[in-house]
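Enquirer: Here's the letter readout for the chains.
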Amino acid sequence: MKPRYALVLLVLLLASLSALGVDEVKNPTTLVRVGPGKAATLDPIYAYDAYTYELMVQSLETLISYNEGAADDFIAILATDVPSTENGLISEDGLTYTFPIREGITFTNGSPLTAEDVEYTFERALVINPSGGPIWMLAEVLLPGYTAESFEEIDRAIEVEDNSVIFHLRNPSTFFLKIIALPFCAIVDKETTVDLGGWPGTAETWQDNANQPLEDSVLANHIVGTGPFLLESWTPGVEAVFIRNDDYWREPAQLERVLLYRVDEWTTRRLMLANGDADIVDVPRQYLEQTEEMDGVRVIRDLPLYTIAAIFLARNIDMTDNPFVGTGEFGEGIPSDFFNSLDVRKGFNYAFNTEAYIEDVYEGDALQPASCIPYGMAYFDPGLEPYPFDENLAAQHLQSAFDGQAWEEGFRFTIAWNSGETEYKAAAEVLELGLESLNSKFQVDLQAMPLATFMDEFMAGRLPAFVWSWTADYLDPHNFTQPFMHSAGFYSGSQNITGYDEMVALGGTMSDGPEREALYKQLQQICRDDALSIFFAQPTSWHVAREWVQGWYPFIPQWSVEYYYPLSKSME
Amino acid sequence: MISYIARRVVLLPVVLLGLSFMIFLMMQFLSPTQRLTAFVSDPTKLRGEAPEALIEMYGLNDSLLVQYSRWLNNILHGNLGYSTTVSLPVTQAIATYFPATLELVLFSIVPVIFGGIMMGSLAACRHNRLIDHIVRILAITGWSLPTFVAGLLALAVFYGLLNWFPPGRVSTWALPIIHEMHRYTGIYTIDAILNGQFRLLLDVLRHLVAPVATVSFVSWALILRITRSSMLETLRQDYITTARSKGLTERTVVRRHARRNALIPVITASGLLMASMVGGQVVVETVFNYKGIGWWATQAATQFDFPAIIGFALFNAVMLVTVNLIVDILYVVADPRIRLS
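If you're matching them up, the sequences are chains A and B in order.
Be aware that the first sequence starts at 1, since it is given in this note's numbering, and climbs by one per residue.
Be aware that the second sequence starts at 573, since it is given in this note's numbering, and climbs by one per residue.
Derived from the structure by calculation, the hints contain no laboratory data.
The structure displayed is predicted, hence computed values, not measured ones.
The C-beta atom is built at its ideal place from N, Cα and C for all residues, glycine as well.
Treat the hints with care, since some could be wrong.
[Stated by the list, open to error] Quick partial rundown of chain B residues pointing at chain A, CB under 7 Å, derived from the structure:
(1) 605
(2) 658
(3) 659
(4) 724
(5) 731
(6) 739
(7) 861
[Stated by the list, open to error] Which chain A residues stay away from chain B? Per the calculated CB distances, all over 12 Å, these:
(8) 32
(9) 72
(10) 116
(11) 172
(12) 195
(13) 287
(14) 332
(15) 341
(16) 343
(17) 403
(18) 405
(19) 444
(20) 539
(21) 540
(22) 568
Pulled out of the complex, with its shape left as it was, chain A reads as follows:
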């Protein structure tokens, strides 16, 4: 064959190949969702990230759900009613919650949903309760401790009466419904789970199943739910294919098929969005502006995000072989009690130029929190003023600290963060600039660390200052005061903060009302006045989709989880 004929043939072949996909990408009944994350499992009790939640909520359902992403409004799903004191499903003392189970619903394998399935689901969760998993939230309200000491503790917490499931709480909890609505509380089929070799539901076997690692979970790759989609296939780390459940107990979904693709490279995702091969795409913040300029793409900004980013300042630092505190004395280091000084902490807060930081890093799409409780959260105090950037006040406080020794002799220490987090790096740089411009004897070293090293140093309590953020597990102020203020809290424990345990614990067990409001107002005031940390940003979230995607709303307020059931594709 002559070369020119071969060339013509090749072009014709390419043209015919390229024509293949044109119709498919415009398929109005198939949605393609693209992002860089991966779902870890199909077993709800191990699910603790947005991608795993997203995989789960299409096929599994909870008793109640957030009403179109509203923080405090719920709709009944597998339960017939949302419990409240008004409808009598929450007892007067707030310790008993009753969920009447909806009848006539079947799992995708044909088994009917029963109250026993619900009881089994929650008992199995509390029995296995994997370390590092989400079940601690349930344990916190249903068990005396974070893990069960005996099966009786679990058994007494959940029981079945007729076709209702009753939960007995240890203390009144205003956030129990917010936890029950989360995807890790999705109901699984008891029969299937037991048949696959899972916990048989007996008291004798509970300890053999306690703290079971993910790889041993019989549901890790198996999903049988009541939801609007069936998981047709799942290649972990690559893709998931959902098909519509035509026997769904509500109206079947409008989409026939949903594809969840993992694409790590942003350029690839952008091109897929531009070509219409992807309908909903995860976009990094720095590319939002260019994405807004794309034809046929809709960007929704300023969605609430219940995340607080802070620079944490540790007290009573462990100085043993600690490379982050210099010599351990003023001049070329800091003493162990450096951040015990309120003047130091306040000086640092005034030295941080939050306004410039938010403008530069978030293009203005973030709020400056005054305390550890974010805007939009119940009992948030709008009257509390964040620390302004004020070099004079910063200097005044630092001059007063340690009777002027800190100012006279100067100091040196390291701020650490998990490498790859550019927003944390920028925050550390802003503080470095703010402090070093006050006094030439102030030296701040910056150190990005791989996650493993960062965690190692953090857990050993060697970091004098570190940048990190906290995203709500459930929408209640207790979920913020606990990690930020309690002596055993995730951050405050590492910071050696003490003195507020009683108030923090009380807030977690009080019923909603003026007393709880007063308590949280007080905790926020303490958080701000004691300058526990430098709370520098509460970012907002966003959503990017092709304009033809209709019916979208945020599904779970604190997690970016796409829910495909209400979605459709049309240009209307």
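Model the placement of chain B on the given structure of chain A, informed by the hints.
Expert: Chain B alone, transformed into the frame defined by chain A:
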């Protein structure tokens, strides 16, 4: 030759044992807490005694020998461990991701090796003429261009601009077919043929064009330049002058007398190139969303996914030894004077 192959095969477990112990030893430089990150997707979600419980659960505090013997015992029971990076047992992860890489490599071999040999021969035969200069410039460009730049350029032009070659292994419409058909090999082109799915075959080929072109463009320079220099040296040999003086055509001289003798160093280089390619095309797999074993290994390495790291290393070692063995055998085919013993 059979005893040579048998000796190499027998040596393989020893190599694997040494390699696995070395990796274990290196991992001990990380503290149990550092190694714990492999089992945690978000450290802020660890509560109470969770870190200690996880360290205990995975035996991260045990001595090196205890950990190693436990791992070895699992291996002997056919269990390579669980890769938390992709939520799959390691053996299953290899079986899932390797066929994609193998498919990419198999399709890239033709342009990389045969194309490189052809172009190298051509350049040598047209030494210092226009075609030689063009080939050299192309080779240097491909060699110098970072793979991610070449990949992104290919993606931007052939997908972004022309919409000819999309990323991924197949189009979205083809996924249900993939999941319904019998997957004999995991290599979609072969499976599509065996299942009689010719529309799928065309789609798979369409998705292969851009990554194969990128791999070829950045890889063929090595083979091309070795072939060219080897050919130039061979063409200056006396027996080539003799062949020409016998009145043979230039084509016969090159094909029958020069090229075969020039192939020995090319086979060595091709073997090494193949072995490294089979180990994964990390950048190409990432840019084109072509999830292969290289992509998985990179993810595992960055997340300290220890069972995956060691599983991949062992798998790679087996591949390397196998490819080297094939190269050794090819030497004999190319030059009958060589004896493996």
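Enquirer: Look at each hint and say if it fits the structure.
Expert: Hint check results:
no.	hint	result
1	605	holds, 4 Å
2	658	holds, 4 Å
3	659	holds, 4 Å
4	724	holds, 6 Å
5	731	holds, 5 Å
6	739	holds, 5 Å
7	861	holds, 5 Å
8	32	violated, 6 Å
9	72	holds, 23 Å
10	116	holds, 29 Å
11	172	holds, 21 Å
12	195	holds, 21 Å
13	287	holds, 14 Å
14	332	holds, 27 Å
15	341	holds, 27 Å
16	343	holds, 29 Å
17	403	holds, 37 Å
18	405	holds, 35 Å
19	444	holds, 24 Å
20	539	holds, 15 Å
21	540	holds, 20 Å
22	568	holds, 17 Å
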